[in-house]
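Last residue of the sequence shown: 1176 in the UniProt record's numbering, with the numbers rising by one and none dropped.
A couple of the hints might just be wrong.
Calculated pairs, DSSO-like style, for lysine-lysine (alpha carbon to alpha carbon, straight line, at most 27 Å) [what the hints assert, rightly or not]: (1) 221 / 535; (2) 639 / 146; (3) 691 / 665; (4) 133 / 150; (5) 307 / 251; (6) 109 / 960; (7) 221 / 122; (8) 334 / 157; (9) 812 / 684; (10) 936 / 990.
Rather than coming from a laboratory, the hints here were simulated on the basis of the structure.
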Amino acid sequence: MADINRLLTAVEKSQSEIGHVKDHLEDVIKRMDNLKDDLVKNVESSLAIQKEKSHTVTLNSGIVETALEKISQDMSKFKAMVRDAAAAQEETRQQKASLVKKKIGHDDKSRSLFERAGGDRKLEAVVANFYDKAVAEPRTRAYFEKNTRKVKHLKQKIQAFLAAMLGGPYTYDTTTLKPAHYYLNVTDLHFDCVVELFVQAFNDVGVHPAVTEEAGNLLGKTRRQITTGYIVRTELARRSNEGGLDALYEKLIGEHDDLVPFIERLMDIFSLDQRIVWAFEDKDIEAMQEGLLYYLTDVLGGPLTYKGKSLSAIHRSLDLNDYHFDAFLMDVEKALSSLGVDDDTVDEIIVILEPQRASVLSGQKRRVETGARIIDGKNLLERLGGEMAVEAVVDTLYGALILDPRVKFFFLLDASRMRQIKTRMTQLLVGACGGPRLYDIAKLKPAHFHHNITDYHFDAVCENLRVSCEVTDIPSAFIDELLETVVKFRQQITSGCTIRLEIAHRKTESAGTDSLYSQLGMKDGIVVFVDKLFKRLHADQRIAYFFAGSKTEVIKEKLSLYLDQIFGGVDEYTGRDIAQVHSLIQISDFHFDCFIHACAQSFAESGLDEDSTDECVVLLEANRASVVNSNRRDHDVRKMLALANKKTLFEILGGESSITGVVDKVYEMAVLDSRLRSFFEKNKAKIQSIKKKMSQYVCGLVGGPVKYDEADLQPAHYAINITNYHFDSILELFRICLIGDNVERSVVRDFIKTLHPVRRLVTTGFTLRTELAKRNLEHGRDQLFRKLGESEGILALIDKLFGILFTDPRVKDFFADKEETKVKAIKKGITTVLVETWGGPKAYQGREIANIHREVGLNDYHFDAFLADLQKALMGGGADEQLIDEVIVTVEPLRQGVLSRKENDATQLAHKDGALVERLGGDLNLESMVENLYEKCQEDTRIKYFFDKGKSKVRQVRMKMYQLLSGLFGGPVQYDIENLKPAHYAMNIKDYHFDTVLELAQEVMSSMDLNADAIDDALQIMNMVRSGITTGSSVRTEMARRQGQIDGHDFLFTALGGPDGTDHFVVRLFEVIGLDRRLNMFFDGDKVKAMKSALVDYMTMVFGGPAGYVGRPLEEIHAVLSINDFHFDCFLNDAQKALRDLGMEQDVVDYVLVTMDSQRPKVLKHFYEERGIVYA
C-alpha cells in the first residue's frame, strides 16, 4: 500500500509540476519574444542612426547574453521537471498492476454516492465549474447570468439539490422543482445542455467516471420536473391558437387600437437590456419600431401585413445566438406582463414567436444535424452501412425491447402489429440518418400522444438501441451520432403523456376528486368497477397469476377500499402500507402498465370520458414507485439480449458430429493419460459403447437432443473410485482438445462450465464412501488392523493380492524377470508398510517409499491398477464394502510417495511460465481481485448468504480468501489447505454456489484486463479446491438419500415425531422467522395462520407422511414473490435453528435440511427462468 501511495503522490506532484512548467514556459516564451522585439528595435535603430550619421552604434551584447543565459538556466530547470514527470510516467507504466487496484478500488460503492463524489468540497467545485460553463454557453446563458447576489443564491441551491440527490446529509424538497421552473421557457434543448455541462464539470474536477455516470443519470430523471411547465403551457397555447389568432390579437391590444403601446414598451426594455442593446446601436429606431409593428401584428393575427425583408436577411450580420434570442423572449414577456396581459395569453404569444428562432439565428454557425452531416462523402446512413444495417439494428432492438420489463408493454403485441412497428421504426431511422424520408415525422407526436410514454421509457429504449448497435458491430462513433439523432424525437414521443397527465393532475388539484368519485358511482360504483377490473385481470395471462388463489376476494376488498380513498371517498384506507405490501412481490413496470391499461379499459366501460379516465390514471400512476419492485428495474440489456440471441453450445460447436469428434479425441487422450487410463482402457466394444454414451450425454448438456437419461449417471459411477482429481483431469483434456481445434476461449469456458454440474453425479459415490470410511477410522486405525485379521489376516490378503498382480497385464511386467528372492523382498516390504498403514505395529525401517520407486517408472495408471487389484483381493477374501472403502482410503495417501511427487497439479500449474500470482499482475492485483470478488459475492443473491456478514467477519473472511489464493497461485503460502474442508463442512455449499464464485472470479479478472491464459489457469486451480468446500453438503445430501432407501420414505416424518412433531417444528420455525429481519416481511399480515397450516400439510407430505396438501404448486405460489437464493438460504438457516431448539439430533437436522433444500428449484423456478439461471 505504501508503494501505491508513494506512486500516486509522485504522479500528482508531477501533474502539478507539469502545470507549473506550462506556466513558466509561457513566461519564458513571452520574455524571449520581448527580447527579440528589443533586439529588432535596437537593430532597426542602429541602422537608422548609421544611415543618418554614417557610423555604427555598438549594441550592449552583455545584457543580451545575460538575458539569454537566464533563459537557458530556466529552460534547463524546466527540462529537469519534465524529466521528473516522465520518470513518474515510466514508473506508472511499470506499476500498471498497482494502478489497476486504484482504478477499480478507488470508487468504493459501499459508500453513498455523495461520499463517492467527494462530499461538499468536491460538489462546491462542481457547481462553480458548471456555473462558469453555463454562463459561457449561449444555450443556457440567459438563465444563469444574474447579479452577484442572485448567482450566489443559485449556486447554494444547486449544491444543496446535488448533495441531496446524491444521498448526502441534506434535505431538498424535490416537489419545488416543477413549480420553480414551471413558468420558465426551459425546453429539452436547454435541459440536455445543462446535463451535458454538469457531466463535463464532474469530469473536470476529477470525480470518478462511474460516479459521474450515475450522477448524470439521476439528473436526467429530473427532466420532466424541469421542462413540464413549458411543454404543457406550449400545448395549451397551441390548442388555443388552433381556432385562429383574431381573439389573441384582440386580447393583446385591449383598449388600444393597435400594438404601438406594446412595441414602445418593448423598445424601452430593449434599451435597458445590456444583453441585446448593442444590436440597436447606430440603427434607425423609428424604422425598426415600424418594421416590428408590422411583423408582430401580422404573425399575431392583426390587420397589418408584413412585406419587409426576411428575418434571416435582417439578422444575418448581427452574429446572434440562443442567448440573445432567449433575452429577446424574456423582454417580450416583461413587456406583456407590464401591460397587464394574462399568463395564458403570454404563453400563446411565446408559442408563436419561438419558431422564429431558426430564422433569426440563421447567421449563427450552427452544428450540422447528424443526419445531414457529410463525412468522407457519406451521410450517417451510409456510414452505418445502409438501410440493411439499420434493419438489422431495428430487428435486434425489437428483440431487446420485448425482453425489457421497463418498456415491454408497448412492444409485446400481436405479430402483425409488431411487424408494422418495426417497419415504421426502420423508416424513421433511415430518414433521420439522411436516407429517404418514408415516415412523416409530423405523425410522430399524434401517434404517441395517447400512450403513457414517459422519459423513463424513452431512456430505456435509447439504452436498448445503444446495446443493439454494439451487438450488431456498429462503430461507437456512429452509435453516438445515431443516438444524438434519436434523442431529438423525445418531445414528440413523450409530450403526449406529459401533457395529458399534467392537465389531469392540475384539474384534480384545483377541482378535487369529488367529480370523479361521483362519476364512478361513489362507494358502490367503485366495488362494481373493481369487479369489472378483476374479470379483465383474470383474463390477462400477462398478470393473471398475481390475482390467483384463495385470497382474491380479500384483495378485491382491499383494493376497493384503497381506490375509494384516492378517488375522493370519505372512508380512510387502513390496510398495510402499499409500498411494504408490494416490496415482496415481483412486480415490474410491464405488470404495472398492464394493470393500468386494464384499469383504463374498465373506466371506459364504467362510462367515464377520456379526460376523466386520464384523471383516474394520473391518480393511479402516482403509486407506480410504491408498487413496482425496484429490483425489477435493474435490467441488464446486454445480458438479456445475449441470452435471447445466444446460440446453444451445441450449435456453436458444430452439432452432433463435431461433438462426437471432440469426445473421440478426448477418449483417445484419456487412454494415453496415466491419470485416467485405468477408467477408459476397455475392450473395443466397450469403448464404442462408452464413447456413444459420452457423446449423447454431452450433446444433451450443451443444448442438443437429449438421448441419455441423466438418472443413470450416478448409479453407473457410484462404485468407481472417481475423485475430483480425475474429473478435473477429464475437464483439462476437453479444454486442451477444444483449444487445439481453435475454439474461442469464451466458448471453451462456457463448455467447461456446462460440464461442472456433472461432477456431483460422477464423484459422489467415491466422496461419500471415502467420508464414511474416514469417520470410521477417526476412532483409530487399530480397529482396521483387527478387522483385517491382524498380521496373519494381512499376510493372507497380500498373498491374494500378489497372485492377482502377477497376472495383471497392467503391472505384471514390474515383477517379470526378477529372482524369487527379490519378489519375496518386495512382497515383504509392501506387507510391512501396509501393516503399519492399517494400524498394526510400526516395523518398517527401509528406505523412503519415494526413493524405492523413483527408478521403477510408476505412474497413476499403475497405482490405480494396484488399488483395483487390492480391492479384488479384499472382495475375494469376503470383505464387506465398508471395510474395502476403509482400506482404500488409507492406501490412497501413499500415491504421492510411490509416484515420487513433490508437488500436486495445482502447484505445478501455479508455477507454469513463472508464478501465476505474478502473471496476474502481482500481489496488489491479487488483493484487488479478492476485494472486488468479495463485493460481487455480497451482491449476488445466489451466494450472498455466505458472504453477508458483519464488518469484522468480512475482513476476516476476505483476508483468508487472499491468503488461500496467494498460496494456490504460487505466492507465499499463508493458509493451511488442510483447514479448508473443516471450515466449510457444516455449510450448505453446493456445486451451484461454488460455480457462481468461479463465474464471478472470471468476471472480476476479465474486468482487470488480465492475460487470458492466466485467467484460465487461475480458474482451473481454484476449481481444484472444490472438494474441500463442497464435500460436507455432498455427503449430507447423499446420506439422506441412502437413509431414505434403507429406512423407507417415511423415516424422516417418523424421526420428527409424526404429525405433532412436524406441527411443533413449523410453529417454532415461524417464531424464529418472526425475529429474522431478512425474512419476516414475507410472513407478516393476516395470512400467517393460513400459511402455517399449509406449510404443515406440505412438510408432512415432503417428509414422508400422509399426503394431505391440497394447495397450489410451489412454483405458482412463489412466482409473484420477490424472493431469491438469499431468502431461501436464510429460510433453511432458520429451519436449522428451529430444529436444534426442539432438541433434534444432528443427523435428523441434516436430513430435514437436505429434504427442504430439494424444494429450492420449485420455489425459485420463476426467479431462475427470468434470469437464465441453471440450478444443478
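Those earlier numbered hints the structure runs against, lowest number first: As far as the earlier hints go, 1 and 2 are violated by this structure, in ascending order.
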